[in-house]
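*Asks:* Sequence:
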Amino acid sequence: MRKNTFVLVAVCFASALLGAGVASYAVVRNTPSATTIEYVNRDGDTVPVARTQFASLEQAANYPDLTFAAENAVKAVVNIEAITEVEVRQQGMMPYNPFFEFFGFPQPQQGNGQPQKREQKSGGSGVIISTDGYIVTNNHVVDGATKLRVKLNDGRVFDAKIIGKDPTTDVALIKVEAENLPILKFGSSDALRLGEWVLAIGSPFDLQSTITAGIVSAKARQLDVIPNEFRIESFIQTDAAVNPGNSGGALVNTRGELVGINTVIKSSTGSYIGYSFAVPESIVRKVVNDLREYGIVQRALLGISYRYIDQDFIDQLGKDTGIKEVGGVYVAGVSEGGSASEAGLRKGDVITEIDGVKITAPTTLTEQIGKHRPNDKVSLVVKRGDKVKHFEVVLRNKAGKAELLSKNDVDVVEVLGGRFADIDGRTAKKLDIKGGVQVQSIKSGGLLAKARVREGFVITHINDKAVRSVADLGRLTDKIQSIDGVYPDGRAASYVIVQ
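So the sequence shown is numbered by our numbering: it starts at 1 and just counts up by one.
If you are wondering where the hints come from, they were derived from the structure by calculation, not from laboratory data.
Predicted model, so just to flag it, every value in this text is computed and none were measured.
Careful, some of the hints might be misleading.
With a Cα cut of at most 27 Å, we get these calculated DSSO-like pairs of lysine-lysine [claimed, not checked]: (1) K147 to K121; (2) K479 to K161; (3) K121 to K75; (4) K401 to K465; (5) K443 to K175; (6) K401 to K389; (7) K147 to K219; (8) K185 to K219; (9) K117 to K151; (10) K175 to K185.
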C-alpha cells in the first residue's frame, strides 16, 4: 500500500494541459446504414451536439475565459534561485612526495580536513505585489539562503534581500531594487467558491512562467505539514497542477487577482498527482503588511486550547459534555491572564461564531484570529449550557500583553532552531522536574546547533525563566542569554550564549 506524503514544493516541470469539457445531451447510435442522433429532452430543452462547433459564439460568455487572468498575472510571477553556503569536509589527500615533483608530475592538493564551503542551489517562485519590488513567497523557499536571485518574466535578473519571514504560515517577503514593476493585486480568498476556476502560476522544474488551471476543491484544509509548533494552516485546495518549483507562486482567480500562494502538494511520488494547496490571501496579506510595517508578524492570541466538535468528539465526549450537535469548538482550557480568561470565557464553553463567521471547520477559529493583531477586538458567540452568550475579547500578544511587538523582540522558537514537544508526566517524574520542552530535532544554523545541544535535551529554563511547555516557549520575547535543562539520562546541563 502506497502512502501519501506532503511535499513543500521548493525546488523546480509541469505541463499545462487545459482541456475543455463538453457536456452532451445527445446519444449517438451507429447502424449498418447510417449514424443517427437521438436527443434527450430536459425540462423541455433540446440540446443537439453533433455540430461543426462545440458552442455558438452567442454562448461564449457562459464559459470561463482564463486568458485575461493568465496573460496579465504571469507578468508579476518570478523565479527565485536560493543559494545556500554549506560546509563540506575534504576527504584525506595523498601526502606530498618529492619523487613526483622531481619527475615533473603534478602534486595533489594538500587537504587538512578543514571544512570547505560550497554553494547549494534550489528554486521556487514569487509574486510581485508592489511596483518598487516587494515580492511575496514561501518561507521554505528562502529559509537559510545566503543569496537570492530573482528572474522576472521579461528575463531581467536581480539580487534580492529578505525583509522578513514567518515560519508559522510559511510566508516570506523579499525585495529587489527596481521600479515600475508589474504587480498582482490581492483578491479575496474569503469570497472564493467551491468549483470556481483558478490558475496556478510558477516555475515548476525550472520551467518559468508555467500556467495550469483547476478549480477550488475545498477551503480551510488543515494538514499539519508546516514544520512549526505554532503553525497556522487553512489551505485552499485545488486540482491545478503544482510541482516542485511552484512554491511561492500565485494562485489567481479569473479576474487576475491573487487569492493564494501555492505551497504544498499531497503526493506519494513527490510530484503532482491531483491535489495542491495554497496559503489563502487573507493570511498572506496580513503577514505581508506586518513584515513591511514592523519587520515581524504581529501575532494575536485568544489564549485557549480547544477541540473542534465533530462526530468523533461527540462519540467520545458527547455524553460527558452534553454536546449533541456538530460545529463550533469546545474550550478545553483557558490560559490564566490571557485574552479569553480576561473576557470571562471558561473551560467547557462552546464557541460557535467569531466576528459573525460560523465555525464550521477545525481551522476557522485559527484563520480568523490570524487576521488580527494584538489589541484588536473580536466578537464571540458562545454556548454555555443552554444559554447563548456574547463576548467582546481584546486579543493579546504571545507575551500576554495587549500591545504590538517590536523587531527587537525575539521569536524564541525560530532563534533556537529546532522542533519541540511537551514532555509527559512520566518523563517529568523520572527526571524530577515540574515540566519542560524536549528538543526533538535541531536545525543547522540555529542557537541549539551553535551551542552543540543534542536531540533529546529537555529545556526547563531560558534566561532563568521556567519553561514548562511549548506554549511557555512561545511566550518568551527576550534575547536568549542562557538555556538550562536536563538530558534523558538525568545529566543536567547549562548553556551560556555568547553573542
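*Asks:* Indicate, hint by hint, whether the structure satisfies it.
*Replies:* Okay, the hints, checked on the actual structure:
1. Taken as a hint, the K147 and K121 pair is honoured in the structure, with Cα atoms around 10 Å apart against an allowance of 27 Å.
2. Under the criterion of a C-alpha separation no larger than 27 Å, the hint pairing K479 with K161 is consistent with the structure, at around 24 Å.
3. As the CA atoms of K121 and K75 are separated by approximately 24 Å, the hinted pair is consistent with the 27 Å bound.
4. This hinted pair checks out: K401 and K465 have alpha carbons roughly 17 Å apart, not beyond 27 Å.
5. A hinted pair counts as satisfied when its Cα atoms are at most 27 Å apart, and K443 with K175 qualifies at roughly 25 Å.
6. Proposed proximity of K401 and K389 is supported: the alpha carbons are some 25 Å apart, at most 27 Å.
7. Of the pairs offered as hints, the one joining K147 and K219 is violated, with about 35 Å between alpha carbons and a cut-off of 27 Å exceeded.
8. With a C-alpha separation of about 21 Å, the suggested pair K185 and K219 falls inside the 27 Å cut-off, and the hint holds.
9. Taking the CA atoms of K117 and K151, the gap is about 25 Å. The hint holds against a cut of 27 Å.
10. Proximity of K175 to K185 is assessed by CA-CA distance (about 17 Å); at most 27 Å being required, the pair is judged to hold.
The structure shown violates just one earlier hint, number 7.
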